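Asks: Those protein sequence lines, which keep their order, are chains F and Z. Residue numbers for the first sequence follow the numbering used here, beginning at 117 and rising by one. Residue numbers for the second sequence follow the numbering used here, beginning at 117 and rising by one.
In case anyone wonders, no lab produced these hints; they're calculated from the structure. All figures in this text were calculated on a predicted structure; none of them were measured in a lab. Heads up, some of the hints might be wrong.
No distinction is drawn between identical chains; accordingly, a pair holds when it is met within one copy or between any pair of copies.
For lysine-lysine, the following DSS-like pairs were computed, each having C-alpha atoms within a straight-line distance of at most 30 Å [to be verified]:
hint	residue 1	residue 2
1	K316	K383
2	K304	K385
3	K385	K407
4	K147	K444
5	K383	K235
6	K383	K143
7	K312	K385
8	K407	K237
9	K294	K383
10	K190	K385
11	K294	K385
12	K407	K367
13	K316	K385
14	K182	K147
15	K316	K215
16	K367	K312
17	K383	K312
18	K366	K215
19	K230	K294
20	K143	K444
21	K235	K444
Number of protein chains: 2
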Amino acid sequence: VDLLSLETPSLILDRKKLINNITHIHKRMNKLGVNLRPHGKSAKNINVINFALEGQSGGIAVSTLKEAEYYFNKGITDIVYAVGIAPVKLNRITCLIRKGAQITIILDSIEQVKFVAKKGKESGLKIPVLIELDCDGHRSGVTLEDPLLLDIGHLLNSEEGVILVGVLTHAGESYHCKSVEEIRTLAKTERNVAVKCSEKLRQNGLPCPIVSVGSTPTAIFAENLTGITELRAGVFMFYDLVMAGLGVCKKTDIAVSVLTSIIGHQKRKGWVITDAGWMALSRDRGTASQKVDQGYGMVCNAEGLAINNLIVSGVNQEHGIIEDRIQKELPWESFEIGRMLRILPNHACATGAMYDRYNVIDGSREIVDVWNRVNGW
Amino acid sequence: VDLLSLETPSLILDRKKLINNITHIHKRMNKLGVNLRPHGKSAKNINVINFALEGQSGGIAVSTLKEAEYYFNKGITDIVYAVGIAPVKLNRITCLIRKGAQITIILDSIEQVKFVAKKGKESGLKIPVLIELDCDGHRSGVTLEDPLLLDIGHLLNSEEGVILVGVLTHAGESYHCKSVEEIRTLAKTERNVAVKCSEKLRQNGLPCPIVSVGSTPTAIFAENLTGITELRAGVFMFYDLVMAGLGVCKKTDIAVSVLTSIIGHQKRKGWVITDAGWMALSRDRGTASQKVDQGYGMVCNAEGLAINNLIVSGVNQEHGIIEDRIQKELPWESFEIGRMLRILPNHACATGAMYDRYNVIDGSREIVDVWNRVNGW
Numbered sequence: 117v118d119l120l121s122l123e124t125p126s127l128i129l130d131r132k133k134l135i136n137n138i139t140h141i142h143k144r145m146n147k148l149g150v151n152l153r154p155h156g157k158s159a160k161n162i163n164v165i166n167f168a169l170e171g172q173s174g175g176i177a178v179s180t181l182k183e184a185e186y187y188f189n190k191g192i193t194d195i196v197y198a199v200g201i202a203p204v205k206l207n208r209i210t211c212l213i214r215k216g217a218q219i220t221i222i223l224d225s226i227e228q229v230k231f232v233a234k235k236g237k238e239s240g241l242k243i244p245v246l247i248e249l250d251c252d253g254h255r256s257g258v259t260l261e262d263p264l265l266l267d268i269g270h271l272l273n274s275e276e277g278v279i280l281v282g283v284l285t286h287a288g289e290s291y292h293c294k295s296v297e298e299i300r301t302l303a304k305t306e307r308n309v310a311v312k313c314s315e316k317l318r319q320n321g322l323p324c325p326i327v328s329v330g331s332t333p334t335a336i337f338a339e340n341l342t343g344i345t346e347l348r349a350g351v352f353m354f355y356d357l358v359m360a361g362l363g364v365c366k367k368t369d370i371a372v373s374v375l376t377s378i379i380g381h382q383k384r385k386g387w388v389i390t391d392a393g394w395m396a397l398s399r400d401r402g403t404a405s406q407k408v409d410q411g412y413g414m415v416c417n418a419e420g421l422a423i424n425n426l427i428v429s430g431v432n433q434e435h436g437i438i439e440d441r442i443q444k445e446l447p448w449e450s451f452e453i454g455r456m457l458r459i460l461p462n463h464a465c466a467t468g469a470m471y472d473r474y475n476v477i478d479g480s481r482e483i484v485d486v487w488n489r490v491n492g493w
Numbered sequence: 117v118d119l120l121s122l123e124t125p126s127l128i129l130d131r132k133k134l135i136n137n138i139t140h141i142h143k144r145m146n147k148l149g150v151n152l153r154p155h156g157k158s159a160k161n162i163n164v165i166n167f168a169l170e171g172q173s174g175g176i177a178v179s180t181l182k183e184a185e186y187y188f189n190k191g192i193t194d195i196v197y198a199v200g201i202a203p204v205k206l207n208r209i210t211c212l213i214r215k216g217a218q219i220t221i222i223l224d225s226i227e228q229v230k231f232v233a234k235k236g237k238e239s240g241l242k243i244p245v246l247i248e249l250d251c252d253g254h255r256s257g258v259t260l261e262d263p264l265l266l267d268i269g270h271l272l273n274s275e276e277g278v279i280l281v282g283v284l285t286h287a288g289e290s291y292h293c294k295s296v297e298e299i300r301t302l303a304k305t306e307r308n309v310a311v312k313c314s315e316k317l318r319q320n321g322l323p324c325p326i327v328s329v330g331s332t333p334t335a336i337f338a339e340n341l342t343g344i345t346e347l348r349a350g351v352f353m354f355y356d357l358v359m360a361g362l363g364v365c366k367k368t369d370i371a372v373s374v375l376t377s378i379i380g381h382q383k384r385k386g387w388v389i390t391d392a393g394w395m396a397l398s399r400d401r402g403t404a405s406q407k408v409d410q411g412y413g414m415v416c417n418a419e420g421l422a423i424n425n426l427i428v429s430g431v432n433q434e435h436g437i438i439e440d441r442i443q444k445e446l447p448w449e450s451f452e453i454g455r456m457l458r459i460l461p462n463h464a465c466a467t468g469a470m471y472d473r474y475n476v477i478d479g480s481r482e483i484v485d486v487w488n489r490v491n492g493w
């Protein structure tokens, strides 16, 4: 069926663009000689992740235990839960391990080693652990200089209920870079911190088989990943306006969009009112600090082609306001009430989070499939 | 069970505060002599709406047709779908009407009258219609001065498939007022525009039984609602930091919060890392333009009492960063990893939207019930 028969708002995923985006990163990974560990947090869907796993070693990263359980039930066993561990998460993790999943957790403190080791020992398991590293001051992790790295490493190596399997870092600050050159430099730092920490562990007699880095911007601009065993990234599958603003992709690569209906006009103000408010688009304003502020999203026609200078300039819960960046006069006759438009999102993960499913197209307006999303925790 | 046994992040609703908030507005409505039409868009749950309906005439407003269907299945028949109508929504609306619902729609253009009347006629129904008014330039609606008001009124009155039942306006700009005095003035304007438009319709021989106004801030500060037949409001049930910043409620009235676990520290920076990022709190930054910017939320202990000067200063998808507004040094020993905190939201509707259920407490930490939410469209 034609996507114009959908109710609005609805989430649209263009499989053709998705596969192009994935193919592009696979080629980069092959060239750099690194395995891709796709991050399941953007897609929250097995079909998307299966495309991303083609030709890779089969492991993924997740941001919630609900994702971990979902992907495991779909046949994926090697899963990194890439959020610092809290005691309240341990029951579900040991439960997954007992069912045959190889769940690896991350941590950056002695306290965490202690409660994880205790739980592992009580459960008769050795819980695999990566030490989280801080390469750019983004949020969590141990820095290269901090003696804590070796303290954690030694404690992990001496406790029964855990097993040290390596280090992991995420150059999250890459989302705020001001140029491609800055992203290249950060990609170098991300690699260097991970490799040097792995060497430090090994020099001190500690094992470090896994050296994991990753963010979509650094994945696209990294020039050398020697010493890195795997790269994690998620949003590259879909891309979005933040990534386009960074120069990581073209706007025409963006694979997800929100279908909306025009529901009114305020002609004196130059406003087209739609039924896609923040509930449909999210409140993400990631392009606000970029060179071109895209408001709450760029406006396209139903075929997904951008309509010059139109952005979503404001949102309420179930209302969007579309304006031309430059002029108040619009060709109103072509924006009749009921016409459907598509909005490219600032941040694919945040917009996707507002929906329970993707309406899948394949380069045209024809809906070829419906894929569910696993939201929540 | 104690809420500390929940997994994190989770959404907590304090029924005691909820009922206090609802009682307060019921008293105001009684005093003003106006019926409350609770808006179902904040709660998205029948138990909450049933409390809000006590002593009222039984009608509600909704922001999605999924809410309309849900509340109708729970026994509510009088429902205003308070988003300008689009053609793609008409099938579900006529379907609900045939099942016995009294669904009233809103519109502000001749085009909409035409397609709604056509659908009504084809279906052998008279679809009830409110004309949407613009009282404050917020988004949609016809202004008092615009001749369109009478044009729409006359057309509605002459077409077979529709029935004109009145006017509706929403002073959405009240969320951006800078003082209580401004809110009072806007409440007066909201009433005046609605009453004058109703008089204009009646003077021209058109029916206008319903004169509907509403927003939480104007509901709390309106002094005279003579000529108004009903008031719509939703967020007053829960309140949030935006409402507290406006002076509409106290912070201790806020009935919803997000339970989160501490998962790390960056002591040199003064950061406590939690597992409540934007996926758990939403990206809403409604307090950013207020006198006191609450970041992504105010931090409370597990009992819901604010911890001085602590706010969520940053969020990623599944990570929150908590900082003290003033100092970098924290009593780290009392913020141990695994400790649970509660975060008061900027915007209750946006934070609620990230969850499929409420964990209900009743003034203590004891979970007394679980209430589901009807998200999506």
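Asks: State whether the alpha carbon distance between K407 and K237 is at most 30 Å within one copy, between copies, both, or neither.
Replies: neither (52 Å within a copy, 51 Å between copies)
Asks: Have a look at K316 and K383 and pick one of within, between, both or neither, based on CA distance no larger than 30 Å.
Replies: between (65 Å within a copy, 23 Å between copies)
Asks: One pair to classify: K143 and K444, alpha carbons no more than 30 Å apart. Within, between, both, or neither?
Replies: Answer is neither; intra-copy 45 Å and inter-copy 45 Å both fail.
Asks: Check K407 against K367 for me: Cα-Cα at most 30 Å, and say if that holds within a copy, between copies, both or neither.
Replies: Within. Shortest intra-copy distance 15 Å satisfies the 30 Å Cα cut-off; inter-copy 37 Å does not.
Asks: Within a copy, between copies, both or neither: where do K366 and K215 come within 30 Å Cα-Cα?
Replies: For K366 and K215, neither the intra-copy (42 Å) nor the inter-copy (48 Å) Cα distance is at most 30 Å.
Asks: From the Cα coordinates, with 30 Å as the cut-off, is the pair K316 and K385 best called within, between, both, or neither?
Replies: So K316 and K385 pass the 30 Å test across copies only (25 Å; inside, 62 Å).
Asks: Between K182 and K147, at a C-alpha cutoff of 30 Å, which is it: within one copy, between copies, both, or neither?
Replies: Neither way: K182 and K147 sit 33 Å apart in one copy and 48 Å across, limit 30 Å.
Asks: Reference check for the pair K316 and K215, CA-CA at most 30 Å: within, between, both, or neither?
Replies: neither (34 Å within a copy, 70 Å between copies)
Asks: If the cutoff is 30 Å on CA atoms, where do K383 and K235 land: within, between, both or neither? Let me know, please.
Replies: between (63 Å within a copy, 26 Å between copies)
Asks: Could you figure out if K385 and K407 sit no more than 30 Å apart (CA to CA) within one copy, between two copies, both or neither?
Replies: Intra 25 Å, inter 29 Å, cutoff 30 Å: intra and inter.
Asks: Given identical chains, is K304 near K385, meaning Cα to Cα at most 30 Å, within a copy, between copies, both, or neither?
Replies: Between. Shortest inter-copy distance 24 Å satisfies the 30 Å Cα cut-off; intra-copy 48 Å does not.
Asks: Which holds for K312 with K385 at a C-alpha limit of 30 Å: within a copy, between copies, both or neither?
Replies: Close across copies (23 Å), not inside one copy (57 Å); limit 30 Å.
The structure shown violates the earlier hints numbered 4, 6, 8, 10, 14, 15, 16, 18, 19, 20, 21.
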